[in-house]
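Knowing the structure of chain A, use the given hints to seat chain B on it.
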Amino acid sequence: MNQTLLTVSVGAYYPLDQMALAALITELPGLQVIPLASDPPPRVLVWDPGQGEHVNLPRLVSETKVLLLVGDMESPTLSPGVAGLFSKDELPEALGVAIRQVARGDQYLSPSLALALLERGEAEAASHEIDLPTLTDRERQIFALLAEGLSNKVIASRLYLSVRTVEGHLANLYTRLGVHSRTEAALIAIQHGLASKVR
Amino acid sequence: MNTASRTRLAVLGTLSDLHRQPIAYDLNCLRALVADLAPDLLCAEITREAWEGGDLSAAAVEVREALAPVVAATDIVLVPVLPTPTHYADFTPATGWRRDVARAFNRALRWGQREADRPEAVNGAIFGAFCHTLCALTEMMWTAEDRAAWEAQNETLAENIVQAVRRDRGRRVLVAVQCQRKHWLAARLRRRADVELVDYWEL
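These protein sequence lines map, in sequence, to chains A and B. Going by the working numbering, the first sequence runs without a break in its numbering and finishes at 199. Going by the working numbering, the second sequence runs without a break in its numbering and finishes at 402.
Check each hint, because a few of them may be wrong.
What the hints assert, rightly or not - Simulated coverage check for chain A against chain B, where a stretch passes if three residues somewhere in it have a Cβ under 8 Å from a Cβ of chain B:
#1 26-32
#2 162-173
As the list claims (entries may be wrong) - For the chain A half of the interface with chain B, some residues (derived, Cβ under 10 Å), not all of them:
#3 57
#4 60
#5 96
#6 97
#7 101
#8 153
#9 156
#10 157
#11 159
Keep in mind the hints are simulated off the structure, nothing from the lab. Here a beta-carbon is modelled for each residue, glycine too, at the ideal position from N, C-alpha and C.
In isolation and in its complexed conformation, chain B is listed as follows:
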């Protein structure tokens, strides 16, 4: 229907329950931010099966308690783009020194979460570099199989986003993903000719 050649797209990093414990992230800020941005399409980290089945139990807390309620009350259409229900925390090594190092990185990341407890901070340059570095180091502690699985999941997730863009060209698309994926995903989407990647406040 819409034939505009490029789609404006922003990637919004969110903190989530990646450490499987309560976090200091203010979900009211995320709700207000997404409602204010009012994108046409919101690509979110939930599988199509779970979304269409109305099962939010396995979804990340920000999808369950912030994004889904905003979508229900507005014209924003949620597009589920997570290919498999595996989360970042599922890749943590179970034993050995690698587990200890990964835990140390996780403690540092939790500290970062407490400091960056608002979407503006999470998507800022300082936390972005901090999170990106720690996540890259953490991923080095994973097994080769886990790293491959994480990359494969991200590749499919990016492809699902591109499919959503191609299905409805020229719309304003917000992609809300855990901050661990933000840099990787932004780099991939920036290379797409049919996507105009912008910061979320420019959407």
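Okay, chain A solo, but in the shape it has when bound:
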């Protein structure tokens, strides 16, 4: 019954932000804050570069996923090596969900950031032909919710399915669409007007 705690390190441009972040994550269930230099390394690094500052990530081992905190005035950018972008306008509890999602190897984008990214078309444009008839009803539902920029947890909660089940559907969906990320998949849905069709 006792599950291993998911290890997390925190880093921030300002020491006060780092302390506050560590205190918050410590309070979230199932997470343990450890130093970045720990052996074994943390599963996730939550990094707050500060308002308008450059993202100067420390050197990391490949197993450590990076979740970047983004202020609402900043332009979201998916930097290399960053697995997720978490908007500071989200509720603090959602940070626990985001940490788990990147720890499992998926991307995380806060809904507001995902929509901003999609509107800017910054992600690689996709022109795949979509074979919609091969999608199951459940996949269509999940595809539509993905296009709204929702996280796996929120999609699962909307459909009353487990997060693992949603992840399984998304993996199938990516294969069928020939894409490698949720942003690409969401772009396809929006570019082809699928989001409104499948809703």
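Showing chain B alone in chain A's frame:
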């Protein structure tokens, strides 16, 4: 998606504000327990309308102050399974000797709550038998209509749980219900072919 034939399911009895007064139940224990179990799905006693509307005001205190906060911070997905917002305390007879007897049983149950102030104790054999007996006796003090309404609510609640299991087969499901329902519900779910009923610590 998941095609496993049987779903592991545990029924966790919780104490709640059934007597409409503060209780000695340590909700931190419940929060830690559910977070530690980390079920895929958590069936909880709140109506779908209230949950989707974000209205926790009518929900039992353990849903409002323990289960909902844990769900918000983890990957656990809450499935609202309560068909109607009626609680156990709503069935207490209003007048006569039956009310006096029901009150006496309630006082005994409150004593039991003070003694069993942790989830481990609430779900233990001693409190389980104590609670089950007192609740059965209390229900005998209700009117036939109230007993029928309570049973109908429990039947629909059980059916909602089964629907959740069928929607996402093979996952780990925790059902958190007031301890008055635990024995009844466990007996019903044990008979389901697609459910493997286990103790909560085996989930």
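Hints, one by one, checked against the model:
no.	hint	in the structure
1	26-32	holds (count 3)
2	162-173	holds (count 6)
3	57	violated, 25 Å
4	60	violated, 24 Å
5	96	holds, 4 Å
6	97	holds, 6 Å
7	101	holds, 8 Å
8	153	holds, 6 Å
9	156	holds, 5 Å
10	157	holds, 5 Å
11	159	holds, 8 Å
The earlier numbered hints that this structure contradicts are 3, 4.
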